[in-house]
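**Q** Chain residues, written in single-letter form:
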Amino acid sequence: MFSQAMLELIGIGILETLYMTILSSVLAYILGLPLGILLVITDKDGIAPMVTINRIIGFIVNIFRSIPFVILLVALLPFTRMVVGTTLGPNALVVPLVIGSAPYIARLVESSLKEVDHGVIEAAQSMGASPSQIVFKVLIPEAMPSLIMGGAIAVITILSYSAMGGFVGAGGLGTLAINYGYYRYQVNIMLITIAILVLIVQGFQELGGRLMRRFDKRL
Amino acid sequence: MANREPMIELIGLGKTFESKNSYVKALEDINLTIYEGEIFGIIGLSGAGKSTLVRCINYLERPTTGKVIFDKTDLSEVGDRELLKIRQSMGMIFQQFNLLMQRNTLQNICFPLEIAGVSVKDAKKRAYELLDVVGLTDKAKAYPAQLSGGQKQRVAIARALATKPKVLLCDEATSALDPTTTRSILELLREINKNLGITIVVITHEMSVIEEICNRVAIIDESRIAEIGDVEEVFMRPKSKIARQLVFSGANHIDSFVGEDKCRIIFDGRTSFEPVIANMVLECRTPVNILFADTKDIDGKAFGQMVIQLPEDESSKKRIFAYLEMHKIPHEEVL
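Chains A and B supply the protein sequences, listed in that same order.
Numbering-wise, numbering that gives the first Met the number 0 puts 137 at position 138 of the first sequence, and it's gapless, one number per residue.
Numbering-wise, numbering that gives the first Met the number 0 puts 143 at position 144 of the second sequence, and it's gapless, one number per residue.
Hints were generated in silico from the structure; no laboratory data involved.
Hints may be right or wrong, so weigh each one.
Distance condition first, Cα-Cα at most 25 Å in a straight line; then the derived SDA-like pairs of lysine to any residue [to be verified]: (1) B:Lys123 - A:Gln132; (2) B:Lys66 - A:Ala47; (3) A:Lys43 - B:Leu83; (4) B:Lys24 - B:Ile241; (5) B:Lys84 - A:Ile120.
All values derive from a computational prediction rather than experimental measurement.
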């Protein structure tokens, strides 16, 4: 059905997509996790209320969340060139992927951490736990199953964003689908990339679900 | 109490919650002293301010006015860091247990020790000691989701005792438990008080809990202390309206017999097997209607109370009161 060369392109596309998705997810979490934690603890009912800081972070997060990713991708091109020296290839796409998804992750983390029962936090406070002890010994461990599920959602979102990079020559399955499936009307390429993307999404979701069940001691 | 050293002193304590355009006074002018080694009860209806009060004791809520003096330290004068340290000498348990759901029993009990910076080895050793105290040695590796309500509260008690606190604050600790489990938890608290000498503050809305384990009680109503005193005294001769209401718990309908004269007869253990009401009826030759009765037989002595409806005519009424006076049966007219 496909030539050897085509199969190789598909193989490289899969690897590039996975590379972009995983690297961006890790970097986006390095940025988004602390932001999410800050959103929770500086809330007016949080463990270290700082309303002004909370408003500022919330505002910045909302700005980035309201820009559609395709537009953010193009708007960030000069910045991307500054950081990685090029606007082409998987490494270049990581920049907008991280910036575009970190605020989203911050909100995901925020909602996971807010699920932790206030009573448990209060119990920790009654034992003399400091805010940082509460974050690392209560909030994060107690919210772990929910954080893992949020992680699966984030990774899948980043994967779908990465496909949009096809329009700016980022590489990966998105580029393959657009260059061959769209510009050259090779419907079978389009269909095979879609099928592969579906499989990858299923894989991440399944992995997330399994990890969650393994971590959750409430079941 | 042999030694009357004050453990917790609340002086002119007040707490106001501020929201956008309203003030809610949760506590007003609370003055009370809780002594070392006693079991002190704080009772009130929901919304009376008792939960806020207990949170002021360990400064989870900062009082708006007044002072909290814990073990000779004025909490308003200590810094944040020192406050965290002081909280380690005040254990607290809750209605909803508030255990860490992702940690097993042993890890839950080790938690306050981790916070206090105790080494893992020492923490585990201490945790096993405490599991023994609360009778859950076989549940060390169980997660909270696998435990019953009573077991969870036992874990919570062990956890609260881990740092060897001087005070144990119990916020509605038995309100989510069935009567049998409640009794066993109260029994455990009493043992802890007796064997470890820990001062216990019990917050509850149930008079039965107070009766069961407390030495003294404060009754909170509408943000203020309505009454304070020894449990027996308050129970037998409640002075305030709210105290009567709580002592008559489950008998609120008494209030609905408006306009009728009622009399409360108290069984204080003195009247034992004597058929008090029957004798009174026979002697006074007038029937009485029993509106409410709550008596317990402890070692052949009757404890509790009964509310009877008095006859309409004055002479019968007088006969009844004369009879009660003569036989020295504690009683009072309920209006």
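**Q** Are the hints correct? Go through all of them and say.
**A** Here is what the structure says about each hint:
About 19 Å separates the Cα atoms of Lys123 (chain B) and Gln132 (chain A), which keeps this hinted pair within 25 Å; it holds. The suggested pairing of Lys66 (chain B) with Ala47 (chain A) holds, with an alpha-carbon distance near 23 Å, which does not exceed 25 Å. The straight-line distance between the Cα atoms of Lys43 (chain A) and Leu83 (chain B) is roughly 21 Å, inside the 25 Å bound, and the hint therefore holds. Restraint check for Lys24 (chain B) and Ile241 (chain B): satisfied, since their Cα atoms lie roughly 19 Å apart, inside the 25 Å limit.
As the CA atoms of Lys84 (chain B) and Ile120 (chain A) are separated by approximately 17 Å, the hinted pair is consistent with the 25 Å bound.
No hint from the list above goes unmet by this structure.
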